[in-house]
Structure formats: structure tokens, C-alpha cells
Amino acid sequence: MEKGVLNRPSVGDFHSMMFRQSTLWMVVTILFVTGCVPMSQFAEVCDDRNSLEQDLELLAKQAETLQLAVAEKEGQAREDRRRLSALEADTSRCGTALRNCGARNAELEALNAMLTDELDRKRTSSGAEQAALLSELQRIRADLQFQEDSLLSLEENLRDREARVAELSRLLERQKSAGEALKAKLSDALFAFRDRGLEVEERDGKVYVRLASELLFASGSTAIDPDGRDALIGLAKAIEGETGFEIVVEGHTDDVAFSRPESPRNNWELSVLRSTAVVEVLTANSALQAGLLTAAGRSEYHPRDPEDRGRNRRIEVVLSPQLDGLYDLLEE
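The working numbering numbers the first residue of the sequence shown as 51 and each following residue consecutively.
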């Protein structure tokens, strides 16, 4: 498995563990009650069950780690937008400083002309007065040269900042256009499922494909229905040729809590196992690189509508543009 993807058992493995666990306990309990099973065999079965529970706990911890990674990515995107706004504000301040420097330059040139005229009028004055005027004139000229050098430096800095702002704007616009084009492509490819709980949305350069749980799974199940599999295969074929995107598959549940000894034991495990099942279908039926996909469980904590549990039970496939070029520009 590629780095960045859950190291997870398959859906078949989970069903096998569930069946083996329940069968072992039923058989061993009957035999133990009737006195047909030694204590050593009973202990082995207990160990087997404990091992299965540890595997499920590890899977939940991996899901939590992935959720934190997604939050960190979103935080990085917000920080990039903040830094871009700061860069634009800094560019505006440089423009103001450039205009002020130009005005100061004009004042110095006028003062230089006035002192030159004054020097000409007093050429017949005493040598001390002429020396003082000449010294003042030299000071003014040195100040003028310094201001001209500063003006040239500010102009160069301003041009550089304007070029960076323009490049950042072009990069963001290209990413937005790519997101809009991908949304249109996916909407066309998945049109047949539009009235069956599938939605496509573009927001802030990201493309969100939402699939209602009822399209993919039976209630409480992690096995994908045939119709849901067809929708996922259509999605995989539509995006397998796209480049420059990272894909996160998020599992969401409603807020109806449950707890049971077999897997899935709660909403956290249900959301993780469902997102994992979707990733397996996407990668098994397309040329998608597994390293670009991440499976994440969000449980009940990111509802679309707190008053509508049906809308909250869903799978979201989030396609996010890779921002390496934007990071490079911001770090220059």
C-alpha cells in the first residue's frame, strides 16, 4: 500500500473476523458448558477475540490520525489565503511609498534650483558665505541622489511584488477553472445517478462528490450495493485521467448512537469502514494511483443539516488541487 493510505484490512476480512469470532464463541460456549472443551482451548479462543478487538482499535486510531491530517491541510489552505492578502496589502503600501518618494524628489529638485539661483546672486559675497552655500548645495545634491537611488529600488521592488501577485492570481484562477471543468465533467458522467442521492459541487477550488448512504449501503452495513458500485466505478473512470488533485474519501454518519460487540461497533468504525470500502472499489476498477487517495471517517460530527439525518448519512469524495506551486511562490 502507498504511503498516506490506510494500512487496512479489506471488507471481506472484517466479515471473516466477525463470522469467526461469533462462531468460535458460540461453539466454545456450548462445549465449555457441556465440559467438552479444555480450558487451554477456551483461552486460545479468548486470545483470538482480543486480537480482533485490538485490530479494530488500531483502525479507529488510524482514522483519527487521518482526520487530523485533513484538518491540517484545510488550515494550510486558509493560511495561504491569509498570506496572499497580506502580500497584496504590502504591495499597496509600497505603491504609496513610491508616490511619496516621487513627491519628495520634486521638492528636492525645486530646492536645488533655488539654491543654485541664490549662489549665482551671491557670487560677489564673501568667501565664507559662498563656501556655506556650496556646502549646503552639495548636501542637497547628495540627499537628492540618495532619494533617486531609493526611488529606483522601490520601483524594482514594486515590480517584483506586482509580478508575484499576478502569478499567484493566475495560479489560483487556473486552479478554480480546473475545479469548475472537473465539476462539469463529473456531473455529465454521473448524470444517471443525480436523482438517486448523488451531488457534485465546486467550492474554493475543490470538487465535492456526495453520495447518499442509501445509494451505496444497506442500513448499518459496510458492503457496497451493486447500484452503488456502478456509481463508484463511473466516478473512478471519470477522474482516473485527472492530474494535480489529491482525493480524500470521507465517511459520514447520522447522530443515532449505537454500540455492539461485533464490527462495526459504533459510528466511528462505521464511517471508517465505509470510506475504506469506497477507496477499494475506486482503486480496483480504475488506473487511479492509490497514493493519491486517503480514506477518512468523520462519524457524526460534520452534519450537512442537523435537522435531517438522511442528508448526514453520506460518503463525500473531495478532490483538492495540489498547491506545491502556490507554496513555492509564497516562500520566495
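Don't take each hint at face value.
What the hints assert, rightly or not - Simulated crosslink set (DMTMM-like; lysine to aspartate or glutamate; CA at most 20 Å straight-line):
(1) Lys226 x Glu124
(2) Lys111 x Glu312
(3) Lys235 x Glu296
(4) Lys233 x Glu290
Derived by calculation from the structure, the hints in this document are not laboratory data.
Now for the hints, and whether the structure bears them out:
1. Lys226 x Glu124: holds, 16 Å
2. Lys111 x Glu312: Given that 20 Å is the threshold and the Cα spacing comes to 18 Å, the pair holds.
3. Lys235 x Glu296: Given pair Lys235, Glu296 holds - Cα atoms ~17 Å apart, limit 20 Å.
4. Lys233 x Glu290: holds, 14 Å
The structure is consistent with each of the numbered hints, conforming to all of them.
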